[in-house]
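A.B. asks: Chain residues, written in single-letter form:
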Amino acid sequence: MADYHDDLLDQAEHLASLDSKKPKQANIRRAISTAYYALFDALSWEAAALLVAVKNHELRATMRRVFAHGDMRQVSEYFALRKGFAPILKPLVTLPIEPALQEVAEAFVGLQEQRHVADYNFNASMSRTDARFAIDLARRALTSWSGVRGSANANVFLLAFVLIRAKGH
Amino acid sequence: MKPSKNRSRDQDAAEKAIKKALAAIRKPTEVKGVDWEFGEDSTGDPAVWIFLKLDHDDPSPEAVKKLSDYVSALTHKILDQDTEYWPFVRFKVAA
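Heads up: the sequence lines are chains A and B, in that order. Number 244 marks the last residue of the first sequence (the working numbering); no jumps. Number 493 marks the last residue of the second sequence (the working numbering); no jumps.
Because the hints were derived from the structure by calculation, they are not lab data. All C-beta atoms in this analysis are idealised placements derived from N, C-alpha and C, irrespective of residue type, glycine included. Possibly wrong hints are sitting among the right ones.
Computed Cβ-Cβ distance ranges for the label pairs, DEER-style [unchecked claim]: (1) B:Ser458 / A:Ser200: 15 to 23 angstroms; (2) A:Asp194 / B:Val432: 22 to 30 angstroms; (3) B:Asp453 / A:Pro162: 44 to 52 angstroms.
Take the sequences, apply the hints, and build the full model.
C.D. replies: Below you can see the structure in the form of structure tokens.
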């Protein structure tokens, strides 16, 4: 796995720790957004590595551009709920879904929504705790991922980022 | 989040699920209160935002861990109850 996501998490930590008294909204919001992107980066990199078997960095980097935030969220919702899978995924998943994979999926959904608030909802005031929680959530998801990656369901999870767009899914 | 205009039977069921989850899971001492708001998430699906109230906004790493464990347990418990409203948690600090 590439380690760009670790740099993103370090950057998020740095932003969340700025302004010792009252944190600036800009720093908190960027920290939350960056925590989401750390998980997005790790998962999209893993999916690209699975789909592009040859160890070609450029090909994999190009492949990553295929993954859409909305598709990854839809897939994550299925795996977080462990049911209601789209017909194209149903025959591929093995139930029960591993708790660690469920945690990754849940974290992806939660972080994407937090990122949406952070980037677009300027009526909401976000706290340093929101930022620290988002960073912790991303870190936990990455730890859970390392425990489940390579499993049959984890591979279906990654492939589903593109399969979900198949006609009549 | 867009606020939900009409209160529905689904919302009542979701509220029950939240109350059941809150009663079942012990709150960390850092959490001084809880409230929630129904609405839609960024994709337009039903969502409930659960606000955990804290008395300060400078959590230690241990406190963040406790809060994360709590949020994780709460989210699992609510999702397990088949509510249509996806739970999202945020933190509010008392002024």
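A.B. asks: Now tell me, hint by hint, if it's right for this structure.
C.D. replies: Hint by hint, here is what the structure shows:
1. B:Ser458 / A:Ser200: 15 to 23 angstroms: For serine 458 of chain B and serine 200 of chain A the Cβ distance comes to about 22 angstroms; the hint holds.
2. A:Asp194 / B:Val432: 22 to 30 angstroms: 26 angstroms, holds
3. B:Asp453 / A:Pro162: 44 to 52 angstroms: Between aspartate 453 of chain B and proline 162 of chain A, where Cβ atoms are some 49 angstroms apart, the hint holds.
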